[in-house]
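S.K.: Residues per chain are reported as follows:
2 protein chains.
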Amino acid sequence: MSMIRFQENPLIRPADVKPSRDDVEVVCAFNCGCASFDGGIILLLRVAERPVHGPHEVVAPILHPDDLGRGLHFLRVDRQDPAFEDIDPRVFRYQGRTYLTSISHLRLARSADGRNFRVDDAPTLFPLLRAEEFGTEDPRITRIEDSYYINYSAVSRWGVATALAETRDFKTFERRGIIFAPDNRDVTIFPERIGGRYLCHHRPMAAMFGRQDIWLAESTDLLHWGNHRFVCACRPGAWDAHKVGGGAVPIRTERGWLSIYHGADESQRYCLGALLTDLEEPDKVLGRSTQPVLAPEADYERAGFFGNVVFSCGAIAQDDGRVIVYYGSSDEHTCAAETTVDDLLAKLD
Amino acid sequence: MSMIRFQENPLIRPADVKPSRDDVEVVCAFNCGCASFDGGIILLLRVAERPVHGPHEVVAPILHPDDLGRGLHFLRVDRQDPAFEDIDPRVFRYQGRTYLTSISHLRLARSADGRNFRVDDAPTLFPLLRAEEFGTEDPRITRIEDSYYINYSAVSRWGVATALAETRDFKTFERRGIIFAPDNRDVTIFPERIGGRYLCHHRPMAAMFGRQDIWLAESTDLLHWGNHRFVCACRPGAWDAHKVGGGAVPIRTERGWLSIYHGADESQRYCLGALLTDLEEPDKVLGRSTQPVLAPEADYERAGFFGNVVFSCGAIAQDDGRVIVYYGSSDEHTCAAETTVDDLLAKLD
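Just so you know, the protein sequences line up as chains A and B, in that order. Numbered by this note's numbering, the letters in the first sequence go through residues 276 to 624 in order. Numbered by this note's numbering, the letters in the second sequence go through residues 276 to 624 in order.
Worth flagging that the hints you see were computed from the coordinates, not collected in a lab. Mixed in with the good hints, there may be bad ones.
Which copy is meant is left open, so a pair is good if it fits within one copy or across any two.
In silico SDA-like cross-links for lysine to any residue, where the CA-CA straight-line distance does not exceed 25 angstroms [as the list claims (entries may be wrong)]:
| # | residue 1 | residue 2 |
| --- | --- | --- |
| 1 | K518 | R372 |
| 2 | K518 | Q370 |
| 3 | K622 | D553 |
| 4 | K559 | L404 |
| 5 | K518 | T373 |
| 6 | K559 | R451 |
| 7 | K293 | G562 |
| 8 | K559 | L498 |
| 9 | K446 | A358 |
| 10 | K518 | D444 |
| 11 | K622 | P357 |
| 12 | K518 | V366 |
| 13 | K518 | R368 |
| 14 | K293 | Y369 |
| 15 | K518 | L375 |
Can you build the whole structure from these sequences, using the hints too?
M.R.: This is the structure in structure tokens:
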């Protein structure tokens, strides 16, 4: 594997992040979007919080509908309650409904060298919409001209949708609403218009036939999306047999759009792969890595809040061909690894 | 119940429809969109066909990828094959994949009086896209100015998406591609712009939390959709406990947008209900019928290809307040019933 992990990994741990309020703890700081900004590197972390609670209960923190700015209420459930159903560390069911064990917001971290980060003390994008009542997750940042477009998962009782926000200075942010209805996540907006249209890869979940495939969509304004076309599917028997989804914003290369995506197998082991799509028609797949370009092998990738996971929401492509991939490890920490465009292209089938 | 069934029901039966090719039979002619056109009534039927086959096999007709215009191939499966899994008359699974037992196309039927229809001999919109390889289903027709916009379910191995076509004369049709990625169906486009935007109700299927709710979306061009907002959900314990979805194109009334929608309970019994949403912000629900406005009670609604189903894709609202609701019965026939706007409004809670 030609992806070299940073020696400083994990770059950011939950203990490095100040809780957003006194009655919660930060359990995960991971799955960051990233951008070059103001001579340094900006990360937009997903920070997951939950109230301190006893071993015999589980708690779902939920945005309070009467206080959408910052208020939370806590659904506390006794694990002995016959209406409680344990799923995994991230999710439980209660009285037939699905809840998350933490609520995520998005928070900035800043660095001059891309290795040593200072995390902001306060949330950057806290859940605000009813469709975000269970949290805002997994941001991707795409710079187009002078704006940075941030898309993220908006989670609620109604499912996992994708919302958009926009900033020019990473100080003020304009929320632009839900751009993909549930369930749809892992949206990566391309960094330039093609044929006059904005494009993105997205990952609808097709319930009826049990599919989780990557699709292409186009837009005239980044707010309204259409002309959906299938891109690629899971591969039975492979490391990405169970699910696939976009990861980092696609990188333009001479051979095509290079995407770092994630795939999971039936055991919920998440790896990163490389996908190459046509420069003009990025629903056409030109190549795909048969083996992962990064698999959970380091200690901090194998154990944690939800182990055996590496999951990227962003990468920085440098002019010299180097690519810094930021990724979450074990749904808990923020890490990075270095590779090159040539190395990734060499992995394609 | 103040909805009066037409004495002529079923108006159209499968035997009234000429097969699109010699080696298939028409098994269902149902779930039609409708429009007033040229002094009469146009129905756009969903016509489901399958090859004649023996009792010991099941056959999935699939659009041939090398002949997207009209070619089909037939996946024949022995019911004794251990890789075969029976689901219901509409669907089976084989080797872990989901297939349909018939393939649907859309076909016009024409009438001067709205009761006696002549079905065209040839398909109007036959599956054409790869994303339509399992069929085109359940059209809705919305007239806006001089154009008729037809949205329909595009079904393939990748799930159930929604596609758009446009016509001005019901002779030539322009296909406009996939407007909602899978799984999303039951799209009803409003018949006028509101605040400069086109609107629709749509019904994503949120796999992760097992939801099938009605949402609102907006568009500037009918091709790209965004600003998704939740409208309404299933009601536990009610006749619409298991799924809901848009039916007929919303009708403007003084009190709000009146929609005839479908709901199913846990036993897959499909009924029609009424929904009233705000004229300016049709994600706001003003009323909803606690009881069905039409339930499967007639013989042709209780027995058939998939019994205990009434399902509407269109209604004709007349200037005098009468509403003719066209609907499919038992996933097999085309029927109609008459009611009034006032009667429907009186059913709201």
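S.K.: Going through the numbered hints above, which ones does this structure break? Give me the numbers in ascending order.
M.R.: 7, 9, 10, 11 and 14
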